[in-house]
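There are 2 protein chains.
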Amino acid sequence: MFSFNIKHQEANCEARTGVIKTSHGEIKTPAFIPVATKATVKALTPQQLEEIGFQAILSNTYHLYLQPGEETIEKLGGLQKISGWHKPMFTDSGGFQVMSLNGKLCKIDDEGVDFRSCINCSKHRFTPEKSMQVQRKLGADLIFAFDQCLEIEADYETTKKSLARTHAWEERSLVEFKKLNKDKKQALYGIVQGGRFKDLREESAKFISSLDFDAIGIGSIFGDPKEESIALVKQAMQFLTKEKTKHLLGIGAVEDIFNYVELGIDTFDCVLPTRLARSGYIFYGTESGGTEKNRFRYKLTHAKFKDDKEPLEQGCGCYVCKNFTRGYLHHLFKAKELLFYTLITYHNLYFFKTLMDQIRESIEKNEFLQLKEKWLQN
Amino acid sequence: MFSFNIKHQEANCEARTGVIKTSHGEIKTPAFIPVATKATVKALTPQQLEEIGFQAILSNTYHLYLQPGEETIEKLGGLQKISGWHKPMFTDSGGFQVMSLNGKLCKIDDEGVDFRSCINCSKHRFTPEKSMQVQRKLGADLIFAFDQCLEIEADYETTKKSLARTHAWEERSLVEFKKLNKDKKQALYGIVQGGRFKDLREESAKFISSLDFDAIGIGSIFGDPKEESIALVKQAMQFLTKEKTKHLLGIGAVEDIFNYVELGIDTFDCVLPTRLARSGYIFYGTESGGTEKNRFRYKLTHAKFKDDKEPLEQGCGCYVCKNFTRGYLHHLFKAKELLFYTLITYHNLYFFKTLMDQIRESIEKNEFLQLKEKWLQN
Chain E
0 MFSFNIKHQE ANCEARTGVI KTSHGEIKTP AFIPVATKAT VKALTPQQLE EIGFQAILSN
60 TYHLYLQPGE ETIEKLGGLQ KISGWHKPMF TDSGGFQVMS LNGKLCKIDD EGVDFRSCIN
120 CSKHRFTPEK SMQVQRKLGA DLIFAFDQCL EIEADYETTK KSLARTHAWE ERSLVEFKKL
180 NKDKKQALYG IVQGGRFKDL REESAKFISS LDFDAIGIGS IFGDPKEESI ALVKQAMQFL
240 TKEKTKHLLG IGAVEDIFNY VELGIDTFDC VLPTRLARSG YIFYGTESGG TEKNRFRYKL
300 THAKFKDDKE PLEQGCGCYV CKNFTRGYLH HLFKAKELLF YTLITYHNLY FFKTLMDQIR
360 ESIEKNEFLQ LKEKWLQN
Chain A
0 MFSFNIKHQE ANCEARTGVI KTSHGEIKTP AFIPVATKAT VKALTPQQLE EIGFQAILSN
60 TYHLYLQPGE ETIEKLGGLQ KISGWHKPMF TDSGGFQVMS LNGKLCKIDD EGVDFRSCIN
120 CSKHRFTPEK SMQVQRKLGA DLIFAFDQCL EIEADYETTK KSLARTHAWE ERSLVEFKKL
180 NKDKKQALYG IVQGGRFKDL REESAKFISS LDFDAIGIGS IFGDPKEESI ALVKQAMQFL
240 TKEKTKHLLG IGAVEDIFNY VELGIDTFDC VLPTRLARSG YIFYGTESGG TEKNRFRYKL
300 THAKFKDDKE PLEQGCGCYV CKNFTRGYLH HLFKAKELLF YTLITYHNLY FFKTLMDQIR
360 ESIEKNEFLQ LKEKWLQN
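These protein sequences, in sequence, are chains E and A.
Just so you know, we're using numbering that gives the first Met the number 0 here: the first sequence kicks off at 0 and counts up by one.
Just so you know, we're using numbering that gives the first Met the number 0 here: the second sequence kicks off at 0 and counts up by one.
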């Protein structure tokens, strides 16, 4: 079961609110989707994620295929059953990790890709068909076609050649998906590629739009350089069916979210709030301090926070800010306590959840651009 | 503020139920007190501890003195304020850790003990007065006199000599405590020592009973050999004021709890459920399988649990058993996911909390010995 309905189109830009429906419930968009690589958002219980207010999470097919394996997950009842997360769930196709984690060690041919396990170096092969079969067994509601991801430096010729292969893989993904999905349990996202080249992005957007995907993802947008990334997404968006929901893969810095919601992106997944939490970075929004690189976040590990009685963020309503001081959390970091990872992850995800609430509200009032201006002005 | 009232004396043994009152609330006894060494029960939020139903936790003075330091904790508002745990709290005196973690490196004289930090090797000195001052700044409700802990092998002469010193230190602790505690915020436990020698245990029990401590701890009971340990506690208990509450330091195996509740012990602290959780040991009570050493627990890390759809313990009502399978938790262990530590710790502590509920209930019905028989029969 799958549907997407646009609820409100912003009057002054392409931003819109909407609702994705799956058999595990709804996702109000625009939404941020926390990453649960190995069927857990690191350091948080599903109970805590629900308490924060998240609507969906995204797991990584590559990691789960290797450990514990899709057969084990299927036997145990599928991703939602085992993870204790009973709301909507995404899996990616494995394409990005196969290539980014294996680098030059993976061998790509037109049929598929050979790679080695990052756990024990054992040999494996993924094809579009295999990715669909694995994702079927994992059992997420929302899954992605198998695509080829390139490095950011890829030149025009390489990208053009890769795009033809990606499109062929996506068509094969769709054929295999339709075979497996007769019960309509899952929905499939096609992925727009095309690297750093506007004409290839256009070509890809047109091609993906022409196929019978339930929804559309945009891949290989690195976020930087910002202007170039925005231009590439903008170019693709022009040629994509408005009615279909769009997911921007792997993107989630605060500014990026504003920039891409403005262009009509509905959902984002990113490890930023969770991964940075574990290094001690705290997201905050009341001031826009920090360096250009570290906007909207500060590092709690600095000794100046040792005796600090303030919460992580003034005015934040999360469990962590209501109960703990920076001084205590700094102590947990220095003492390498497991609770540190839990509490900082909790706060950072609460920050993103609240940000998306604000964004949805502003769109409904046709005030999205004012909200963006308020956040990004400094 | 402190009081202890016996609620019900078991008709068939020394077990009793009671209530310890502190300014942060009550502890119904017999009770198991989870250890929060560095002001956190490893991997759990205070919210989760309350959800499980714990009434009190115990932090370690030695660790908190070294990191972040009692001054910092005092500035931040004291242990309960910083840890988000608003119920009763204990701190130990630091004596046990100073000696066990420093081994032969610590130098003891009649005044106090020199030791080195386990974090950066810096030099420090604890005296009874210092321990009281540090524990005052930490601010727990229930604190312990500074004592000398010996190795299990200590001979009669060494133990006798050490006992005289311990008694002098405890008297000094009491004098210092009375100076600092004019507001009656804290309560002080004296500690019975005396090693493996019944006559010294008797001497110590009589001495500690003769002093104006609010409550009494029994230290240096190693639990093994079992018969000897039980005989030593039994010997001491005969000479201790019935009306005062008794804490058995560092003890908490299931059989030990039954054996010592039977003798009239009211509270226990032990790292067993939390430390073993992090190595993958699961406490369970419905069967009493396992080896003699590992009764009431099994190791989840065994490959046979990979596809296991059962909860950690059949019939357990905890969040973990209601939501997750052994197979998933085994996966979290193999993947070294932080959530593993949280969930297993949660279950193990729930097991101990439920065990203590059963024990209290059985005492009130004068059926404690039947409950003990049921648990320990095999």
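Check before you lean on any hint, since a few could be wrong.
[To be verified] Pairwise CB distance ranges (calculated):
| no. | chain 1 | residue 1 | chain 2 | residue 2 | range |
| --- | --- | --- | --- | --- | --- |
| 1 | E | Lys-178 | A | Lys-305 | 44 to 54 angstroms |
| 2 | E | Asn-119 | A | Lys-197 | 21 to 31 angstroms |
| 3 | A | Gly-314 | E | Asn-119 | 30 to 40 angstroms |
[Said to hold, decoys possible] Lysine to aspartate or glutamate pairs mimicking EDC-like chemistry, simulated, CA-CA at most 16 angstroms apart:
| no. | chain 1 | residue 1 | chain 2 | residue 2 |
| --- | --- | --- | --- | --- |
| 4 | E | Lys-308 | A | Glu-73 |
| 5 | A | Lys-305 | E | Asp-113 |
| 6 | A | Lys-20 | A | Glu-9 |
| 7 | E | Lys-80 | A | Glu-309 |
| 8 | E | Lys-80 | A | Asp-307 |
| 9 | E | Lys-74 | A | Glu-309 |
| 10 | A | Lys-197 | A | Glu-227 |
Hints are computed from structural coordinates only; laboratory data are not their basis.
Fair warning: this is a prediction, and the values are worked out from it, not measured in the lab.
The beta-carbon is built from N, C-alpha and C at its ideal position, and this holds for glycine as well.
How the hints compare with the structure:
no.	hint	result
1	E:Lys-178 / A:Lys-305: 44 to 54 angstroms	29 angstroms, violated
2	E:Asn-119 / A:Lys-197: 21 to 31 angstroms	56 angstroms, violated
3	A:Gly-314 / E:Asn-119: 30 to 40 angstroms	37 angstroms, holds
4	E:Lys-308 / A:Glu-73	11 angstroms, holds
5	A:Lys-305 / E:Asp-113	26 angstroms, violated
6	A:Lys-20 / A:Glu-9	21 angstroms, violated
7	E:Lys-80 / A:Glu-309	12 angstroms, holds
8	E:Lys-80 / A:Asp-307	13 angstroms, holds
9	E:Lys-74 / A:Glu-309	12 angstroms, holds
10	A:Lys-197 / A:Glu-227	9 angstroms, holds
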